[in-house]
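Chemist: Listed below, chain by chain, are the residues.
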Amino acid sequence: MLLLALLLAPIAAAVLAALAHGKDADQGAGDAVHRLGLVLAFGIAILGTPLALGHGAAFDATWFALPGTDAVIHLKLGTDGITAWMVQLIAWLTPFAILGGRGVAGGRMREYVAAVFACEAMMLGAVLSRDLVLFYVCYEAMLVPMLVLIAVFGGPERRQASLWFILMTMLGSAPLLVAIWVIAAKVGTTDVAAVIVALRSGAVGDGTLGWLFWAFALAFAVKVPLVPLHAWQARTYSELPGGAAVLLAGAMAKLGIYGFLVFVLPMFPQQSAQHAHLFIILGVIGAVGGAVVALAQDDAKRLLAYSSLSHLGLVVTGIFTFQQIALDGAVVQMIAHGLSASALFLLVGCIEERTRSPYLDDHGGFASRAPVFSVLFVISALASAGLPGTANFAGEFLLLLGAWQSAPWIAAVGGLSVILGAAYLLTLVQKWCYGTAPEGRAEVADLNAREVWMVVPLLAASIWLGFQPGVISAYAGKTAGSYAEAARTEASALVPATPAAPAPPAKAEK
Amino acid sequence: MFPEFNTTIANIYFSGLAIAALACAVGVLASRHPLNAAVLLVGAMLSLSGIYALLDAPFLAVLQVLVYAGAVMMLVVFVIMVLNRAREDALPRFDAWSVATAAAPLALTAMLAITMAKQHLRIDPAAVRGEPEPIAERMFAMGAGTNGWWLLFVAVGITLLVAVVGAVLLSKRRLDTPNEMPAPEANHGH
Amino acid sequence: MDPVSLFPLLAPIVLVLAGGLVALAAEPFLEGQAKHRWLPWIAVAGMIAAGIVQVFAPVGHVHGMFANDEARRWLSLAVIAAAACSMGGIQQSLDRDRFPGGESYALAAMATVGVLGMIASLDAIAFFVSVETAALAIYALVGLRRNRPESNEALLKYFVMGAVFSAIFLYGTALLYGATGSTRFGAPVLDGRGTYALLGAALMAAGLLFKVGSVPFHAWAPDAYTGAPVAVTGLMGAIIKVGAFAGLGALWLGLASGTGLPVALDAAVTPSAAVRTHLLEPLSLLIVISAILSLVVGNFAALKQTSVRRLIGYSAIANAGYMALAFVLPASGEALDLRPLWLYAVGYAIATAGALTAVASLAGTEDTKDDLAGLHGRGRQMPLYGFALTVCLASFAGLPPTLGFLGKFSVLGQVVAHGGVFIALIGLIAAVAGAGAYLRLAVQLWAGTPRDEQPLAVGTQLLTRWGVTLAAVLLIGLTALPALLPQARPAPAAVVLPPAAPAAVVH
Amino acid sequence: MDSSLLWLIPALPLFGAIFNGALSLAGAKHGYGPPRGLVATVAVLMPALSFALSLAAASQVSSLGSYVAFPMHQELFTWFHGAGLDLVFGLTIDSLSALMLLFVTGIGSLIHLYSVGYMREDRGFARFMSYMNLFMTAMIILVMGSSLPVTFLGWEGVGLCSYLLIGFWHRTPEFADAARKAFIYNRVGDLGFLLGAFALYQVTGSLEYSAIAEWFRTADPAALASHSTWITAGCILIFLGCAGKSAQIPLAAWLPDAMAGPTPVSALIHAATMVTAGVYLIARLSDAFVCAPDAMAVVFVVGCTTAVWGAVAGLMQHDIKKALAYSTVSQLGYMFMAAGVGAFDVALFHVFTHAFFKAALFLSAGAVIHGLHHEQDMRRMGGLRKQLPLAYLAMFYGWWAITGLPFAAGFFSKDLILEASFLGHVEIAGTNLAPMLGGVALLTAGLTAIYMTRVITLVFWSPSRVAPETQAHIQRTPLTMGIPLIVLGVGSLIAGFAWVGLPLDWLNVPTDGMAFLKAHLAPVVGPAQEVLAKATGVGHGEHASTAISVALTGTLTAALGCLFGWLWWRKGPKVVPEHGAPTAPTGFGGAWTFGFDKAADWIVLKPIIVIAYGIYWVVELAILGVGGWLVATGARALGDGYALVLQRSRLRTSLAIAMLGLAAAIAALIIFGSV
Amino acid sequence: MATESLMTPGAVQVLAAMLFGLGLTAAVIRRNIFIVLMGVELMLNAVNLSFVGFARTLPGDASVLGLLAPLFTIAIAAAEACVGLAMVILLVRGKDTIDADAFSAMKE
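Chains as they are written, first to last, in the numbering used here: chain B, 870 to 1379; chain Y, 4 to 193; chain R, 1482 to 1988; chain P, 5 to 679; chain X, 518 to 625.
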């Protein structure tokens, strides 16, 4: 029931927020909705916390039968390590999305809070679901509130951006839906665990299995996004308001990775192993290429978009090495990137709210004019660049170590993104914080209390997890490992001569 | 068949009426003035009435003349006259586009006719003669196990009511009160 | 399906009819704006009563002429809901435009009566009478803006094409009568008259595909949708299509069963091999080709539309295509099951009525602001309508969690289950194009502030507000409870057996 | 001291950093900032306490005797924990860490004290002290870390502090550029560090130093042979990390630019402590390095090359700090030479002595700059002996030490390096290059003497060229700056005796009683050096004749260098530039100095920027943008085409199309169906 | 009934099909709205003929159905004519023409 409550609570919260009374222009009413949203969001996050400790009994109810097949769709919810930590990420980021929206939402706080909660509900539904159809429903449904967030609260190009976002994502997931139907028709169930068993035991022919794999992979690759399916990303991110970016870049993009881990690897181990090199190469291209292209950006949000492309490309690479350490790193990095990217987008959002400009060249000298902003901005940027002591370092370290175990060149080439990451992030910091303000630019007020408190906890969490990544990897990493096990076996069967296996752990000698 | 007629006479009547009906139909298709067309259409309907009679359906034959050729076509002619569109209108019979668009319906006609001609139908001796009683009997049978045509009879009443209300809504003068109706602002149907 | 007593079964139709007749009778006694204030309520009262009665209406048939079953119950309820919602839109438009006449409400009710008759029909003639009742009322409503050229043009096109296709449908009925000796759906074909049956079924299907706006019989749809007042467009789009598909479904299942017994629309029917080969396969081919053409044309042509009505017109074409995909034949020996179609139809009717009622409220005097530029930012001005319109558009786009998604999901899912993987893929890709058109509108609705700062002209709104709220709530709420869909695969049955209990609700 | 208190050593400065950082932020709104006294007290006290704790710990470590692998160890918490990797966050003090820790905290504390005087008037004083304390924390973690990742935490931490402190005066864009450059160069090295760590993990299965050392000490030759590729690769990659941190070719170019930071920063970070971290790491991993002769060769050759390059470039500089910076680069090259021939203890000895004399040099340079109101151009100095006696004294001692004139610290350490090179065995393509490059190093020692003499001559010994208005307002060196100057100056003189021992026989102390350094380091680097000695057949320090001849030659070279330098520059430069003129050398000097900058610019930076914009414009905007546009347009074109062709306005046409469809259907039924 | 008789039920169906087609053609190709409407009337008449023709070939109740259906057709045709003529009046009032091609402003 905990899981069901977790799914229903944000829906209820969305309805509550939408029904809140008060005139749009009334500042007090907006603040009230804001406070209500915060309380509810934190409540939901606290409600979800027990999942990280392994709590949460599965929930199962019949939904409907798919005509023409034996499949009965269930409203089935369950949890495991990855789900638990995705829930933490989503639920704990939501309050910050609300905090980040107070400035941009202005008189439309009701709509903003309702959309954020609707989005949260669907994201939670997607990670909690243990039925392919339910997953797909939530996976698609989250687009609508996100569309509203972009279209209503976004930047000047929001119309184009929102359409790019939603249409590319829909186009990517169209084959996924067909694949789910085929599975329902041929396997006779859409229960994830049952489907995994059936697909591995040859319920579907090899040819079909092949294109099913591509259908699943395509849908998730668009969401991550993986090169070359990232055309929507920069366009969309550059129009996002800070709060919505927390949801989209911080949490929603991770669902693509979640999909790879939870569906693609266990369902199609053979195909995953066969095509692993492709995904590794695409991931590395994304990691390095994204970082290189970020150097050429003059818009901070675009820069952060390419930064996300880079970081998440590395995560995909790590996943497809199937190494346990890399999988540990992948789950840690998912959370870490969620925290650091959110913090950066929120801070950039603060500047954009004040000046209407996210451009690198339009600002300067914040270190003297807005020292609090600068301190937080530098810490966020360094976290994003993977400075040791932040969760991002833990994630990247494990990812690269795992990648090295798989093939050293992956770590070597992928590691270039770490260097380039420092380059573009420090360029951003340098342009904004160092020097003096460009001619004709008005003074920019430093962060107010709300803005400070919407970033500090994220950074604190990042630093805490930087020293305690085991909190994540011990549970989620183990789950990820079990999902990837079959693919790993297949991969080692593909290459008879495996590279030198790691020696036994060093714990023995002390 | 009317028992009084022998086959030959029936054949002659049928052939004549069929040719007349077709000729009138072609006339409708080809006439320049709507009044001519209306008259020719009445001719076709009367021919059909004759064929109904030949086909043992006297009730329908009468109805055809009374309702169709009589009432409906009179209404049409009346409207044509009222609008005074019969003679002044100089629309061409056919233009190039008519010829182009004629291909499809004519092909359809040909295919339907040929298909029908290929079929073999036989008259069933047990067919009921189309006089008012058997028709009325079935139309208004209301007990269990009957077919419920009376329901449709009621329904047609509603249909006619709708038609009248609709016609009123479309053409009643009272509804045109230009001072109250804002002028059309833009023609945005392009 | 058993015979039941007349009144309980037909009570919903009678109640809507009564509402319409009272509204018609009361019209001359009310002056000016009072007409618009009271008459819709009279008509809607009849509909509400009808809806309540319909929930409890017995499953069965009267005289083999009209019937009720679970699918028909849901379709009727959807039509009543859509009509009630649209009634609000019509009230809003006419009141706002100070239209000097109140017959429209009666006609809208009559159109609903006609569509309810279409849904309930077990007989082609009954269906024809019903369809004409609905159509004649709609013709008049389409031409409501009598001094607007586009309204006149729409009326002409719709009427003439409608009359031609009525005749075609009727000719098909005549041929089917020749083939079976009966006008009942489901009558067995007599020996040696298979050609008449196939030809008749094809012509009837053409007549029905015209009504739903399927390619190539679709040309009227964009024009008629554009020429009619927005609220009427909603009514027309929502209900006529549902009725026509009910007819097509009855024809289809009737042909497949061939027992002469009344056909339940939610029955799973396994056709005999002969019927399958000679009738269903050619027919299915024609319908499915038409369907694929429709969904491609409708979705892609919608992309460039700026008028919402025209957009919905093409959407109607596209959605007709999706619904017609339900007629993909399953593997030999498997049962035909149209339940996905009914689910889709319910969602479509509610979404169309909700969307256009909302647009009617946002479109200003004489619906002159119903294009993309005119709707710019209106969602911010009137959030309730904006929200409802967004939900309806999401439903059109097939985005969860709306009924539109569930409809597409189940229809296309069945197509895949029947082996039409590529058809489904085409459908989904076209759906993305369509989604582009719908969402562009949704984005336009919310992005920015209205171009003109003046408040919109609005009429009496109470009914509209309830209507669009109802539509939005139903679209989302019914997703969690897809009561129309079965809980498990039904046993294939040659003889049609209606489900005994009301549709089980998911716990 | 109990080992459970080890965490205090890094934690105290961390507290100072947070405390002062908070004060700084809180006081940012006020013009002058938080109270100077409070800031200074906390900032100096914390490293000093760390130093005290380090002393206690070090004495304990040295009293435990030799060959105890890890005398003091504290496991703070489990860092990585999961199905894949388990790693404890541990702090360790062994003899090597103790040595590093002592001079890091000791010299660090002194420089903090100096900073109080130097930076007191700066508006960002609290922020500065906060960064300095943070640096201490990171550096302490670097040397105390018990495993590669923990060291890496400190490694990047010092890089971060370096970044922050170089860009401390954030209003000047060039300083920010220099800061970013330093961080990115370091990042390149850091990637090498990481990858090297991965390679070692792959070979040994552990990231803990103890386990890695254990593995290499106990590995049988077969295992070593089978892993030799990855051992070599790992060591070279680790050395890349060291090269980044210690400014070796090819990652050397950042260090001179790093002089943009305040002078105490240059002294502490970019001379005494941080830049020697590379040497520390190689010594720490000496067991691995000796198993990778090729990597050792790379270290040696790179070290030698850097030493020459730095010395020549140092000769060309006009900016006093730049000259010292290149000197640092050169000296670091010496250290790596020693490490490259396996004389890890000698390398560390030079680290130790270099810390003293280079800190002294920088601090006295700072005092000069402070005194001359931020004048850094040596051509505009001269004759400052009287005005700045403390600075002169410190620089003189430093000069004595670095040139290698007898009995100061540098004399011993540099001698040992030259000796080790001459005796060493570095085989490249079958030739033992060590003696030859040892000769080059000897010449470089001469160069060192020349450039250092040039510096001290131009600043103190040559006639004054200070602008008259400045001359009148030369600031006296305050006490807070003076104490460190004196301590470090004296330290530069006597630090060398840590190796050779003081002649204290008359106190009844054994001669080698103070010569503890070699024995002290033996537990850590001894086994590796034994391995090497066995493998190459040479050990160092055993050939008295070589030692004496090297000492004599070295001293002679240095003396000649000094003489030459004094003679050449004793009258000052030929041209005295205007105030504010560019100080960067031109001509050959410029080409030599900026060669690596130019190369990096043309080989790495410019191509990356071109590629970045190329990809962005071509792939992102053109291909993907146009692709998306094409898809969208294509979809629209479908609709348009339909509207153009089929959707006609005339009723007749619509009907005809419908009939065409119907006719086609009927025809199909007739042709294919059973009609 | 002689088999060589012209007046077979099949011939009736052929006649009905031809009349239907001619009416359809008139409705499709003519511009005069009156004639278009008359074409539709002709089609409905053809359908009636078809019903009656089939009625002869079926026994008992089935044959009566074929005579009964045309009654509904005639009624509906009258209703359609009613609305159609109202429409023509409306159109003429608006554009003063009965040319169907004059009403072709909408496309896309």
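Do not rely on the hints blindly, as some may be mistaken.
[Said to hold, decoys possible] To spell it out: a stretch of chain R is covered by chain B in this simulated footprint if at least three of its residues, at any positions, have a beta carbon under 8 Å from a beta carbon of chain B; those stretches are:
| hint | stretch |
| --- | --- |
| 1 | 1879-1886 |
| 2 | 1916-1930 |
[As the list claims (entries may be wrong)] Just a sample of chain P residues kept apart from chain R, beta carbon distances all over 12 Å, derived:
| hint | residue |
| --- | --- |
| 3 | Arg-640 |
| 4 | Tyr-646 |
| 5 | Ser-653 |
| 6 | Arg-654 |
| 7 | Leu-655 |
| 8 | Ile-674 |
| 9 | Phe-676 |
These are calculated hints, taken from the structure and not from any lab test.
The beta carbon of each residue, even a glycine, is placed where N, CA and C say it ideally should be.
Chemist: Evaluate each hint against the coordinates.
Modeler: Each hint tested on the structure:
no.	hint	in the structure
1	1879-1886	holds (count 4)
2	1916-1930	holds (count 9)
3	Arg-640	violated (5 Å)
4	Tyr-646	violated (5 Å)
5	Ser-653	violated (8 Å)
6	Arg-654	violated (9 Å)
7	Leu-655	violated (5 Å)
8	Ile-674	violated (9 Å)
9	Phe-676	violated (7 Å)
The structure does not agree with the numbered hints 3, 4, 5, 6, 7, 8, 9 stated previously, though it agrees with the rest.
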